[in-house]
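Here the protein sequences come in this chain order: S and V.
Mapping of the first sequence onto this note's numbering: residues 1 to 408, in sequence order.
Mapping of the second sequence onto this note's numbering: residues 409 to 484, in sequence order.
Take the hints with a grain of salt, since some may be wrong.
Claimed, not checked - Below are the SDA-like pairs computed for lysine to any residue, each with C-alpha atoms no more than 20 Å apart in a straight line:
1. V:K429 - S:L278
2. V:K468 - S:R167
3. S:K371 - S:H336
These are calculated hints, taken from the structure and not from any lab test.
It should be emphasised that the depicted structure is a prediction, and the values quoted were computed from it without experimental measurement.
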Amino acid sequence: MDAFPFLQPVPLTVTELTRYLRQLIEGDAAMQDVWVAGEVSNLSRPGSGHVYFTLKDSNAALRCVIWRSTAQRLRLSLQDGQAIEAHGYVGVYEAGGQYQLYTDAVRLAGEGLLFQEFLRLKARLEAEGLFDPARKRPIPARPRRIGIVTSPTGAALQDMLNTLRRRYPIVEVVVAPTPVQGEEAPGGIVAALADINRLAHPDVILLARGGGSIEDLWAFNDEAVARAIAASPAPVITGVGHETDFTIADFASDLRAPTPTAAAELATPNRADLLADLDQRSRRMERVARDVISRERWSLEERRGRLERASPISRVRSERQRLDEISFRLGAAMMHSLQLQRARIEGVRTRLAALSPLAILERGYALVSHKADGRLVTRVGQVSPGDALDVRVSDGSFAVHADGEASS
Amino acid sequence: MPELPPVDQLTYEQAFAELEKILAEIETEQRSLEETMALYERGQALVQHCANLLDKAELKVRQLSGEELVDYNPPD
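Turn these sequences into a full structure, and let the hints guide you.
In structure tokens:
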């Protein structure tokens, strides 16, 4: 039947077609970052936590999905019939054959205009230099007095007071109550900033408000509020809304904190840190005191030694020692001298012995003396015949008489 | 040394400032034992006083009311 079966195009599978469309849509940059305005209908929140709804206007409808993780972060609680603007990317859900808006942010209709206004004001004040980093004043490390400008009934005030109580209870707090949302809020905030500076002279001011919708926070995007912050004599820390909220007030302030609690934290040192710091200082003092004590002890020890050396007892001791020394030297000298004498005597005796007449007699000589008077006979003329004489030889003596004539 | 006020009459700021001064003095200058010990004792008393203030202080909160500063009463 088929005339040209070979020309019949090969059919695409449903999957192939769907994937082709998906690539077409998802490859279009304009579809990846888009805001869409419409009315919420068919809102459904199944147990999975994901949120499904349809955005529609008078002519068309668009399926939308918000994943659970994103849904938890949304500030806006969606309701059927609500006019909103949804942001996200358009993708294709292949299994359902549907294109849909994968939504990552939603806002009430009209917020887009507010945002435009916000950007214009921000640009203008920025150009004027109101946000200049050089204008920002330092936050004192240990404030004596903290001013708080906020609603007297909001949870934000209690959060801040609790934080201050926990971290730095010695600080003095002055609250300047003011409405922080609604028509009267901007004027109230401006007046509160001026009053608290004039009447309480705080070291730092916390300007804060808890989380809320963009409209709730709108007073913090007011030009007069921004100028009042910049003109405040005391530095201002802003803590407005949640971490993701940036207001003009945040840009104008000296320090932006993500939340009221964080503002109180940024304004104060932490008690635990202070106690640790005190402990460290105490130990530094102890170390110095110990050093001085040991220095003094050493110096005392040194003087005690000197004193001891100078004391009378020590004098006596050292004199005695000197005496001992001298007496020893004396003894030694005497011994020496004695030995010397002995040696000399020995020498003399030897020489004497050599000169002794007895020693000469030993060699055969004899000594002749008169018996009568012991006179030695050394000359012929001293002897007359008949004289009685003694002849002394080495081992004794014998008597003789002279009888002959003398000869010489 | 001039007569110093009793430690327990000082505010935290005053006590801390004096503590800083004492540390600077005893850490940089050679002083007699007597002076050092006097400064040390005063310093330790200041540390104790500061710690006590931190531990025992009750946050003092007031609020502006017209031109006046009045006691703050938390909402129930």
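Check your understanding: Within a Cα-Cα threshold of 20 Å, do K429 (chain V) and L278 (chain S) meet the stated pairing?
Key -> Holds, at about 14 Å.
Check your understanding: Given the proposed pairing of K371 (chain S) with H336 (chain S), does the C-alpha separation stay at or below 20 Å?
Key -> 49 Å, violated
Review point. Would the pair K468 (chain V) and R167 (chain S) pass a check requiring their Cα atoms to be no farther apart than 20 Å?
Key: Answer holds: K468 (chain V) to R167 (chain S) is near 13 Å, not above 20 Å.
In summary, the one numbered hint that this structure violates is 3.
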